[in-house]
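Here the protein sequences come in this chain order: A and B.
Start counting the first sequence at 1; every next residue gets the next number (my numbering).
Start counting the second sequence at 1; every next residue gets the next number (my numbering).
These are calculated hints, taken from the structure and not from any lab test.
Model, not experiment: these values are computed from the prediction.
In silico SDA-like pairs for lysine to any residue, Cα to Cα no more than 25 angstroms straight-line:
1) B:K342 to A:M78
2) A:K71 to B:D355
3) A:K66 to B:T347
4) B:K28 to B:G41
5) A:K71 to B:Q123
6) B:K342 to A:Q79
7) A:K44 to A:Q107
8) B:K346 to B:Q119
9) B:K342 to B:E237
10) B:K342 to A:L76
11) A:K43 to A:N60
12) A:K71 to B:Q119
13) B:K56 to B:S366
14) B:K28 to A:D95
15) B:K72 to B:M251
16) A:K66 to B:F356
Simulated coverage check for chain B against chain A, where a stretch passes if three residues somewhere in it have a Cβ under 8 angstroms from a Cβ of chain A:
17) 34 to 46
18) 330 to 340
19) 357 to 363
We put the beta carbon where it would ideally sit given N, CA and C, even for glycine.
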Amino acid sequence: MISAENKRPLQTPSPSALRVRHTLTPFSINVEGGAELLFDGVKKHQVTLPCQPEPWDIRNLLQWIKQNLLKERPELFMQGDSVRPGILVLINDADWELMGELDYKLQDQDNVLFISTLHGG
Amino acid sequence: MCQAREDYGRRGPGRRAPPPSSPRTCAKCKQGSAALVIRVGDAFCRACFREYFVHKFRAVLGKNRVIFPGEKVLLALSGGLASSAMLRQVQEGLSRETAKRLRFVPGLVYVDEGAVCGQSAAQREESLARVEAMLQATGFPYYLVHLEQAFDLPGSILRRGPRGGEEPCPGYKEAVEDFIQQQRQEVAVADGDGAASLPRRLAGLRTQDVPAGGEPAAPGAQLPAAARTQELLRLFEAAETLTAKEELLQMLRTHLILHTARTRGYTKVMMGDSCTRVAVKLLTNLALGRGAFLAMDTGFLDSRHGDVAVVRPMREYMAKEIAFYNHFFGVPTVITPALRAKRREKTSIHRLMEDFLLGLQAEFPSTISTVYRTGEKLSTAPAEVGSEPGAEPQLCLLCLCALDTLAEEDLALEPTLIAEEAAQGPAGDGCCHAGTQGSCCRSSPTPGAESRAAFLPLLCYSCRLTFKELGHPDTLPPYVRSEAQRRSRRAEMKQQIQEFLLEDDDDEDPSES
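I would like the entire structure built from these sequences, with the hints used as guidance.
Encoded structure:
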């Protein structure tokens, strides 16, 4: 086993193998509580994340959402690295504080929900 | 590294690797898997959370014993998260077994603010349809009010109603005992009918009032005339800052709800202000110059209107708890957009304060509860506001709080008033002094300055600040103007007959010298 491990770093993993490991099946991002107004009024989004070498975590997901889904005024949804204070994040119907917040690594069939508790709700 | 990844893949799609902090168990029952974190670090499962949430509502109502059994209570719904959760709690509370049941008679009111919040007519109609469906599903009598109807309000809305009734108010405990006894008698009388009495009572609740919005001429779901909407928009557009607009909106909304309550016989109004909202309101109102009235603006019971009292049963729930509850247990909401700042317009004090507090809360999770608890310590002991000892303290025209500007020399108001005089220009100068009713100004050639000056002595400090940022007084709804005129004239008249009044009599019969 040890020799096999030593040999691994010398081999370049084949690109196709990498892709298989870091692709997520299309999963749903839902937005509620007034936050849907920032997403053109659409509450349910089916998204397919592009392949990338690192596993997807919430931090990356937020950046992706900012670039691809947010229709207007990104500062109303995000603040820096994270969501704006006042926006709750639920991963599989559980508080993201229980899952590691931004560092949680997304998995297949995960369901991410954003609820806004801000003014206007 | 790759080795680890291969292992991960080999486990198969069904089984997950444990996340960094493994799923915690509920802190309360130690069995269920935790679904959310309440306060600092307390993880609850769904079932325990539900119990906690429902219990809190009843505890808040029970602790502050102000809602008497059989009383008519109007629930003010905005369609948002907190007021919808409040509605669900009331429904749950009313449907429990007899001993523990909530004992009041609810009605619902929804104020449609779509016009000023940037919704088109079509969007407003759609929102209203959804709201009406939601209200109808509850079975309680409901009233749909449009913000434009503020132009129809009577001036009496700005006057404190007669407090309570003429008969002495029974204590809470006696009232509850009386009610229970009455119920037992009813059940005994309808003997053999015992099982039917509960549905009969519920049916009695449903047919209390015409559920279709009340006025046959204007069914609730229809939009008001376009001219009205234009008038309303003109009022809001004349306001110079978003802060003034927010304050104006809140004022109109409160008056409309109050009017609905008064005309339909409701003695209490329940507002869905969450703990988060109350904390933000506390600091916002401090910034707006309403420090003297914090207890009334944010406390559980707000009785400034006399006959109709406002209660805030949701004020101990954090916005997060409410959002989770609504999501877990399927509470329907209808979210409408809020007042928006135009491009290049500065944001309002309300938004700033909300961002500030929530930002702080993210780093220091006990911020909001600390602010809230500090606010809880404020009480509503009325202050003696100088003037004649026997007379009632004068109330602000718009917010109905005690006028705190009578001793103007003591406040920092004087410099601002002098600056205003100077700004009024040569027409007003010399004859219009701060504090007088400006009777001589009626002949001045600048009507705008004069009519504004006539309002100022009737307003408390913070309402003056807001008022100065509103447009010309002509854009204000008629009820505000008529009540202001009435009070100005009364004050003027009182001044004129002042020397004929006896010290300790009522001012109705001026004595003859």
